[in-house]
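Given these sequences and hints, build the entire structure.
Protein chains: 2
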Amino acid sequence: MQDIVKSIIQKNDSKIVMVVLDGLGGLPMHGKSELEVADIPNLDMLAKNSACGLHTPVSFGITPGSGPGHLALFGYDTIKWQIGRGVLEALGLGIELKKTDIAVRCNYATIENGLIKDRRAGRIPTEKSRKITERLQKKIRKIENAEVIFVPGMEHRFAVVLRFPAPLEKGAADIMDTDPQKEGKPPVKVTPMCAQAEKIAKIIEKLIKAVTEIIRNQDTANSILLRGFSQAPDIPHFEEVYGLKSVAIATYPMYRGLAKLIGMDAPAVTGGMKEEIDFLKQNYKKYDFFFVHIKKVDSYGEDGNFKEKAAEIERFDRILPRILALEPQVLIITGDHSTPSLLKGHSWHPVPVLLSSAYVFGGLCNSFSERECVRGEFGIFPTVNLMPLALANALRLKKFGA
Amino acid sequence: MQDIVKSIIQKNDSKIVMVVLDGLGGLPMHGKSELEVADIPNLDMLAKNSACGLHTPVSFGITPGSGPGHLALFGYDTIKWQIGRGVLEALGLGIELKKTDIAVRCNYATIENGLIKDRRAGRIPTEKSRKITERLQKKIRKIENAEVIFVPGMEHRFAVVLRFPAPLEKGAADIMDTDPQKEGKPPVKVTPMCAQAEKIAKIIEKLIKAVTEIIRNQDTANSILLRGFSQAPDIPHFEEVYGLKSVAIATYPMYRGLAKLIGMDAPAVTGGMKEEIDFLKQNYKKYDFFFVHIKKVDSYGEDGNFKEKAAEIERFDRILPRILALEPQVLIITGDHSTPSLLKGHSWHPVPVLLSSAYVFGGLCNSFSERECVRGEFGIFPTVNLMPLALANALRLKKFGA
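Read top to bottom, the protein sequences are chains A and B. Each residue of the first sequence is one higher than the one before, counting from 1 in the numbering used here. Each residue of the second sequence is one higher than the one before, counting from 1 in the numbering used here.
Hints were generated in silico from the structure; no laboratory data involved. Keep in mind that a hint or two might mislead.
The list cannot tell twin chains apart, which means a pair is met if one copy fits it or any two copies do.
Said to hold, decoys possible - List time: in silico BS3-like cross-link candidates among lysine-lysine, alpha-carbon distance up to 25 Å:
#1 K398 x K138
#2 K11 x K344
#3 K98 x K80
#4 K398 x K185
#5 K11 x K398
Right under this line is the structure:
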C-alpha cells in the first residue's frame, strides 16, 4: 500500500504534526484507565471535534517493540521492515549506518572466574566508559575485512558497528546474543543461527577476544556482552515516499535513530516536553511533517506507576494549547503502543488516536480515552493506515484510479 | 478471497439489488452532513432494520476513482485490477473490447500556432463531432498492424481503440497523456513510459499525424488530445465468479462500460432514477443481481452543491418504496465512494452502507448517515467484502471447510 500512496502523492504547504505519547494506551485499575483518570480538558475537547479510533501496530494480540510501533506510525509494513536492536542503538548514538553495516548493542560487564558478576559493570560512569571505548577504538580498527567502529554510549552501554566493503547476505547477522540476561552465568558462546552468519560470528569471536585482551585487568569493566546483532535495512526514506520534509523531535537517542533510519532530520533536543514544543515552534516553517516524541508516559507505565503516568498525560494536556496555536492542517495525537501500568510493560492493546483536521466528522467521542475511541469514526484499524489518513486530511493525495 | 467465494457458490432463486448512489458519503457543513440534513424517512426506517456500516473502497485515506470504487463493490481487488480510463470510456460508448485492444480517451481541441486554445474545441455539438469521427473512420482503418476503431462520443469527446492481431506485453500502453490539461500550452509529445510502450507510441504518433492531416483546416476541431491509454484487462466475469445473472441499470455510459467489462448486461437506459426503477421492475424476473446506479448525487457533490445533493438523496428516498415493493432477498444501498460537497470531489472517507435481509440484527442505527453507520453491525470494512456479505445473506454461499 505504501507504493500506491507514493504513486498518488501531491505536494502543498500543509503542516502535519504527529505527537507520539510513548506507551499512551493503558488498562483500568480500580475501574478506570490512566487516560480515564487523567484530568485532560484540552485533549477531551479536541477528541470531541476530531476523528478518533484505535490502531493496532502489528496485529491483534501482538505486543510491539518500539521499532515496529514507530515504523507502523510512519506507514511502514512492520513485518517487512524488522529493525534490529543493534541498528536502533547505533543510530541513536549518532552513527549514520551504511547498507554494508552490522550493528551490535554492547555492555561493559564484570566477569569473575568465567561467570558474569555484574551485567552492567557497576553502571560505570559515562565519562569512564567513554574513555575505555575510545581506547578500544585506537587499538582495534579492523578485523579481517571489517572496519570496526566503537560508539560510546551512556554508562555501561556502547555500540559496535562492523563495516564491510560490500553488502552482506540476508541472515549474515543472525547471531545469538552473548548476554544471557542473568548474573551468575557465563556469557553465551558466539553462535551463528544460520549458515550465512558463520563468517560474521568468527569476526565477532575475534572482536571479543581482542577487546578482552585490552580490558581484562580493569576493576569492573573487564569484559563485554553483545546483543541485537543486526544489519542496516535498505528501507525507503520517508521524504522519498511521502514527499514530506520531516523532523523528529525527541529527547531519547533511540527514537531519533529510528527517525534517521528513514531519513528524517533528528537533531539532538535536550530537556523535556517543554523544550520539544519550543523546538517545534522555532522550526515550524522549516518542515512539513513533525514527529514529536514524548517519552515519559511510557517510562511511568513501565514502572507500573499509574498515578504518574496519568499525571504525565495531564502535563501534556497543559502544554497542548501551544501546539494548537500553530494551527497545523493535521494534528494527530496517539502512542506507538500501549503500556498499561497494570502490566508494567508494552502491551498488545490497540492505541487510542485522535486526528484533527477540517475534513473529519467528530461528535462521536465525549473524551479522549480507550473506551471513547472505540466509538470513533476510524474504528479499530491497522496503524500503517494512519499516514495515508494524515496525508489525505492534508489534501496531499491524488485520486487513485480513473 | 474472490477465489474462495467462487469455490463455495450455490445457486437459488433469490434476488440481490445493489443500489449505488454515486458519491453518497459526505462531510458536515455547519455541523451536519448531506445525509444528516436530508429528510429521508424511508432510508432511516430501513437503516433501523438493516445491517449498517461503512466501507473503504481501496484503503484508509485513499480516494478512489469511479473504476476502483465500483470494482470494489463488485468484489474485485482494486489493486490487482486497475482499469485505465481509456478502457472505461470505450466500454461506456458501447464498444466491446478484446484482450488485444488498447483504448484511448480523445478530445477534439482547437490549436492555434502550436498552442492549445480550447481543450474542448468549443464543446462542439455531438452531431457535428459524430460526423467528424465517422469521416476519420472512413479514412483511417489501419496503422501498421493495428486496426483503428473510432468511437463517437458526446460533444468534443470520442475514443479510439487500437486492435492488435495478438495480445500485447504488459506495459504496452504506458504512454503519457498528450493532453496537458491546460490551455495555452502545446500538446504533450507522445512519450512511452517504459520500453514495452515504445512500439505503440510510434503508432499513436502516426495516428495523430493522420488525424491532423484530415481535420487541420476545420474551425474549432482542428486537432486531438489523447489520454488514459490503457489495455483491456483479462478480468474474470461476475457471473462466472458468483453464479449471478446480472444487469447494470445506469444512465451514464461509463458505469455501463464498467459493468460490461465484468460481463454484466448493460442495456442503454435513458432518463433518470424513475426510468431506472421502471427498468428494474420490468426486468426483475430476468436477472439475479441488479446494479442500480444513481449518478446525480455525485454530480451535485462535485459541484459543491450541498443542498441539491441532499435533495437528490431525498428524491431517491421517495422512490425507494417502489424497490422495497419488489421484496428482494437482499437490498443494499450504498455509494461507490464519498463526494462531500465540502471537498467538491471524490474523497477518502468510508462510505455508508445498509444491507437489508432476513438475516441481520438491525436496531443499532437510528437513521441512515455516516455517523450512525459507525455504530452499525458491519463496522468499518473493506468494500470488497460487501459481495460476500450480499451472497451470504441471499443464502448463496456454502460452508467453507469441513
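Evaluated hints:
no., hint, result
1, K398 x K138, "neither (54 Å within a copy, 39 Å between copies)"
2, K11 x K344, "between (42 Å within a copy, 19 Å between copies)"
3, K98 x K80, "within (19 Å within a copy, 35 Å between copies)"
4, K398 x K185, "between (58 Å within a copy, 23 Å between copies)"
5, K11 x K398, "within (10 Å within a copy, 41 Å between copies)"
The structure shown violates just one earlier hint, number 1.
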